Every structure is written in C-alpha cells, then in structure tokens.
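Peer 1: In UniProt numbering, the protein residues as written are 1 to 195.
Because the hints were derived from the structure by calculation, they are not lab data.
Because the structure is a prediction, the values reported are computed rather than measured.
Heads up, a few of these hints could be off.
Cβ pair distances, simulated, as ranges [unchecked claim]:
hint: 1; residue 1: E136; residue 2: G83; range: 36 to 46 Å
hint: 2; residue 1: D180; residue 2: S156; range: 15 to 25 Å
hint: 3; residue 1: A131; residue 2: E153; range: 20 to 30 Å
hint: 4; residue 1: D72; residue 2: P44; range: 40 to 50 Å
hint: 5; residue 1: Q170; residue 2: K147; range: 36 to 46 Å
hint: 6; residue 1: E174; residue 2: K147; range: 15 to 25 Å
hint: 7; residue 1: A183; residue 2: R94; range: 15 to 25 Å
hint: 8; residue 1: V15; residue 2: A120; range: 40 to 50 Å
hint: 9; residue 1: R190; residue 2: E23; range: 19 to 29 Å
hint: 10; residue 1: L194; residue 2: T70; range: 41 to 51 Å
hint: 11; residue 1: K147; residue 2: A50; range: 48 to 58 Å
hint: 12; residue 1: K93; residue 2: E174; range: 39 to 49 Å
hint: 13; residue 1: T167; residue 2: R42; range: 43 to 53 Å
hint: 14; residue 1: R94; residue 2: E31; range: 25 to 35 Å
Simulated pairs of lysine-lysine, DSSO-like, Cα-Cα distance not exceeding 30 Å [said to hold, decoys possible]:
hint: 15; residue 1: K175; residue 2: K78
hint: 16; residue 1: K78; residue 2: K90
hint: 17; residue 1: K90; residue 2: K103
Built from N, CA and C at the ideal position, the CB exists for glycine as well.
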Amino acid sequence: MNGNLPIVGCGQVEVIAEAADGEAALEAIREHRPDVALIDYRIPELNGIAVVHAVVRDRLPTRTPLLSATTDSTVVYKAIEEGACGYLAKDAKRSEIVDAVLKVPRGKRVVGEELTDGLAGEIRLRAGRDAVVLSEREQQVLRGFAKGQSIPEPASELFLGTSTVKTHAQRLYEKLGVSDRAAAVAEAMRHGLLE
C-alpha cells in the first residue's frame with residue numbers, strides 16, 4: 001500500500017487504496033476492508049509489522065502480506081509470528097507478487113522462495129533455544145537435587161569436591177535460567193529432563 005505498487009495494471013487485482021504511511025494504511029484497511037493489504041515493511045510512522053499486529057489485534061478480515069527489501073530471517077520470522085500471511089522481497093518478480101496477492105485471500109501463506117532457507121534456519125535456531133542439553137555430571141547433580149539433596153550429598157555420592165559440584169550446579173542453573181535447587185528441579189521437569 002505504498003507508492004509504485006508492482007500489481008497496479010496487472011489486470012488481475014483491483015487496487016482500492018494506497019497509503020504513504022502505516023497510520024494511513026491502517027485507516028484505509030479499517031475503512032475499505034480489502035481482502036488483501038500489501039504492506040511495505042519499512043512504511044513510515046507505523047512499520048509494517050505494527051500494521052499487521054493492529055490488523056490481527058482488531059480482528060480485521062484483511063490478509064496482510066509484507067513486501068520488503070529486508071530479507072533478514074529474524075524480521076521475516078517476527079512478521080509471520082505477528083500474523084503476516086506472507087513476506088516477499090521487494091525485488092520479487094511481479095508475477096510472484098500478484099500470485100501471492102491472489103493466494104492469501106484463500107487462506108494460503110506465502111514466503112518468497114529466496115527467503116525460505118533463512119526462515120527455516122531461524123525456526124531451527126529458535127527451536128534449539130528451548131532445548132536444554134545437560135552434561136552427564138549436571139544430570140547427576142540435578143537428580144540429587146530432585147531427591148532433596150544439597151551440594152555436599154551429591155559431592156559425596158559422586159566422589160567429587162563440593163566446589164566441583166557447585167560449579168556443575170551453577171552451570172545447571174545457567175542452562176535452566178534459574179537461581180536455586182528447587183527452581184532447577186521444577187524447570188528440569190518442565191523440559192522433561194527428569195524421569
């Protein structure tokens with residue numbers, strides 16, 4: 001909805017409004033209720049993701065793919081996460097953009113072919129952030145904590161010094177994002193690390 005739209009004059013899409021900034025785009029969407037609003041990610045005032053967020057928040061029926069020169073996978077992921085039904089590079093072929101505008105009203109999601117590898121990598125990266133991998137010693141210390149033991153007991157059972165067990169415990173806390181034994185056990189259970 002900004003400037004030289006690649007779909008103008010294609011004969012397959014009717015353009016009912018254009019907007020110079022995000023606020024105007026959102027106002028046009030609310031007023032005209034189009035099937036699709038092709039939004040520029042870097043539109044002034046209210047960026048494309050903020051427009052998408054407002055459309056979703058307000059439960060407007062308009063489908064909102066983003067068009068952008070930015071191909072950063074974190075931005076693409078954030079746009080999809082906020083509710084964009086697609087994300088295309090500004091230098092995409094006209095036919096690809098028109099095809100996307102025709103698909104999204106039918107419930108399809110579209111991501112430019114050149115963006116899919118980056119988006120897949122971003123999804124894998126984010127999924128990996130949720131996975132907690134503990135060393136064997138950290139698992140042993142955790143099991144001791146789950147039995148209600150404090151630092152000296154696992155140290156004795158594992159034939160380790162208390163300072164060594166404290167180090168393993170500290171690493172365990174860091175990996176789980178906690179600061180004490182009880183929280184470590186609770187978080188480990190949430191991640192399925194304790195049987």
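Peer 1: Each hint should be assessed against the structure and marked as holding or not.
Peer 2: Against the structure, the hints come out as follows:
1. E136 to G83: 36 to 46 Å: holds, 43 Å
2. D180 to S156: 15 to 25 Å: holds, 21 Å
3. A131 to E153: 20 to 30 Å: holds, 29 Å
4. D72 to P44: 40 to 50 Å: At 19 Å between Cβs, range violated.
5. Q170 to K147: 36 to 46 Å: For Q170 and K147 the Cβ distance comes to about 19 Å; the hint is violated.
6. E174 to K147: 15 to 25 Å: holds, 22 Å
7. A183 to R94: 15 to 25 Å: Violated, at about 55 Å.
8. V15 to A120: 40 to 50 Å: violated, 32 Å
9. R190 to E23: 19 to 29 Å: violated, 41 Å
10. L194 to T70: 41 to 51 Å: Given about 42 Å between the Cβ atoms, the range holds.
11. K147 to A50: 48 to 58 Å: holds, 50 Å
12. K93 to E174: 39 to 49 Å: Roughly 47 Å apart at Cβ, these two residues keep to the hinted range, so it holds.
13. T167 to R42: 43 to 53 Å: Given range 43 to 53 Å: holds, Cβ gap about 47 Å.
14. R94 to E31: 25 to 35 Å: holds, 27 Å
15. K175 to K78: The given pair, whose Cα atoms are some 25 Å apart, holds under the 30 Å limit.
16. K78 to K90: holds, 18 Å
17. K90 to K103: holds, 18 Å
Hint check: violations occur at hints 4, 5, 7, 8 and 9; the rest are consistent with the structure.
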